[in-house]
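If you want the building blocks of each chain, they are given just below.
2 protein chains.
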Amino acid sequence: MKQREISAAVIRRLPRYYRYLGELLQNDVVRISSKELSNRMRVTASQIRQDLNNFGGFGQQGYGYNVEYLHSEIGKILGLDVQHNMIIIGAGNLGQALANYNFEKVGFNLIGIFDTNPRLKGVSVRGIEIYMMDMLDEFVATHQVDVVTLTVPKRQAVEIGHHLEEIGIRAIWNFAPTDLNVSEDVCVKNVHLNESLMTLSYEYRAMHTQDEESGRD
Amino acid sequence: MKQREISAAVIRRLPRYYRYLGELLQNDVVRISSKELSNRMRVTASQIRQDLNNFGGFGQQGYGYNVEYLHSEIGKILGLDVQHNMIIIGAGNLGQALANYNFEKVGFNLIGIFDTNPRLKGVSVRGIEIYMMDMLDEFVATHQVDVVTLTVPKRQAVEIGHHLEEIGIRAIWNFAPTDLNVSEDVCVKNVHLNESLMTLSYEYRAMHTQDEESGRD
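Those protein sequence lines, which keep their order, are chains A and B. Add 162 to the 1-based position in the first sequence for our numbering, that's all there is to it. Add 162 to the 1-based position in the second sequence for our numbering, that's all there is to it.
Source of the hints: derived by calculation from the structure; they are not laboratory data. There could be a bad hint or two in this list.
It does not matter which identical chain is meant; a pair holds if it fits inside one copy or across any two.
As the list claims (entries may be wrong) - Distance condition first, Cα-Cα at most 20 angstroms in a straight line; then the derived SDA-like pairs of lysine to any residue:
#1 K351 with P339
#2 K238 with N216
#3 K197 with E266
#4 K316 with L342
#5 K283 with G330
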């Protein structure tokens, strides 16, 4: 399938479609109308039709969407039909928690974990060994590493980011609370937990302020 | 300060401004022009001016922004001037990793951790005790709980979400890979790690496809 230019907003919504379709598939649902999908996902049917029309004619008038086909096509668009090798740099609490995640089911195979803490040397998480950072360059030179998950403290993250770019890494999943400032040749996806919590705080406060204001009327 | 209606896109960018201004403050920077801030943050100066104009006249022509004042005002807008009490439900790898985070510095105090696993009963993380889930209702009735961080498996998350709404919780930071389907009276902020990884996968694939295509020319 030939892809057109797709807006970032649509791309952000695709994983959620993929998740819902995956659940339908697990429940042996063969087809679904945009109306049904809309009710489940709490978005408008017209939004769903618009979004999915970006990828050609999945839906058929009077039939709806074929769940398995749509799930598989969205998976391909997201690149989930290809296996990716991932390493984690930073085996602290968060790094180890992520190492225990089952990202394999979305196509990401964890093949190594790195840290500078000598007490972690040779320790394994889910059968995957923690290596010391001085092994990183050799490891990357001798293994296909597609994605690096970065769970190091802020003060080390920028430097490590630059080094990763130098040794040829082109995708970083960054949990350090800082911008990496690598070049545009490197895909970076930030997960800034503090900032996520701040937007929750904003919404919570905005709701409370409304309550107080309407209480005053 | 009276707040106008502010778009969701601006709100999403505020924590990043807050972070940069906090770093400037730590480095004893007193004022900054929108041009300098723009260079550091890699967004246009006009974007910065537009965003910050939502909150009134922070900037002064020829002076720029007063870092401390702007940092503090954005903090207030985000609700960070108020302390929030947080509990974590789900003391698995991720829940324990989050319990070890220092969310206190953005105003979120962890006051309890809950799980159903009897082996975790009485275990402490950073001095905070893990309670069994049958203690939750009493805990919420006797403590001010503003935010619940939900790090339970998908199959339990929806049910727990409904229960949290019933016992009066109004803000949930949800890490379970599912939508909670609580009412609109509850603020939910989702951190769907799998989906974040999928969008990274998409961008990585899109970049590679471009490379291959230009290589073919």
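Cross-check of the supplied hints:
Taking identical chains as interchangeable, the C-alpha atoms of K351 and P339 lie at most 20 angstroms apart whether they share a chain (12 angstroms) or sit on different chains (18 angstroms). Taking identical chains as interchangeable, the C-alpha atoms of K238 and N216 lie at most 20 angstroms apart only when both belong to the same chain, with a minimum of 14 angstroms there against 40 angstroms between chains. Proximity of K197 to E266 under the C-alpha cut-off of 20 angstroms is found in neither arrangement, the shortest distances being 32 angstroms within a copy and 44 angstroms between copies. For the homomeric pair K316 and L342, the shortest alpha-carbon distance inside one copy (10 angstroms) is at most 20 angstroms, but the shortest distance between copies (32 angstroms) is not.
For the identical chains of this complex, K283 and G330 are neighbours neither inside a copy (25 angstroms) nor across copies (46 angstroms), given an alpha-carbon limit of 20 angstroms.
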